[in-house]
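Novice: Sequence:
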Amino acid sequence: LTHRYCNNARARNETPQIFGRTPYTPIVTRTRKHKSRTIIIEDEEIFCNNSIAVLINTANWLIKKGKITPSECPIKIEGSSYLINTRPYHEDGRDFRTKKELQNNLFLEGNWSSDNCINKSKELLIRFGIPATNFDLEE
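Numbering-wise, the sequence shown is residues 1 to 139 according to our numbering.
Hints are all accurate, no fakes.
Straight line, CA to CA, 25 Å or less: simulated BS3-like cross-link-like pairs of lysine-lysine:
no.	residue 1	residue 2
1	Lys99	Lys120
2	Lys76	Lys64
3	Lys99	Lys67
Using C-beta positions, here's what the derived DEER-type ranges look like:
no.	residue 1	residue 2	range
4	Thr38	Asp92	34 to 44 Å
5	Ser36	Asp92	30 to 40 Å
6	Ile40	Asp115	10 to 20 Å
7	Glu101	Arg127	18 to 28 Å
Please keep in mind that the hints were generated in silico from the structure rather than gathered at the bench. Cβ atoms here follow ideal geometry from the backbone N, Cα and C, with glycine treated the same way.
Using the sequences and the accompanying hints, generate a full structural model.
Specialist: Right, here's the structure in full:
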């Protein structure tokens, strides 16, 4: 009956009257496939849930090896943005957009794309004397 009523109302250019509640349409969220990765730095395997974890674990590995210390900070790779600092602030006073806390109370800027996270991991290793050939990423 409702269907006929709506069609007749449309033919008469009337707005159909809706009785009761409109059906609830659930919001469907898109789920992403997360790639789990394993990085290998100098024969040490480290499991990473995502790309930012690659950068975080690379920085923590360098901290554990004594390469990155608070006296070495801030570490700037390129531009006016710090990659690692003792406080979650950039050179110009801006807050880190996505701050990630590292070991030794250091902070890492985590607002990078997947490719940038991997590239910055390699740049960090090279900066502290670890050849990029000693870094491997397994997907």
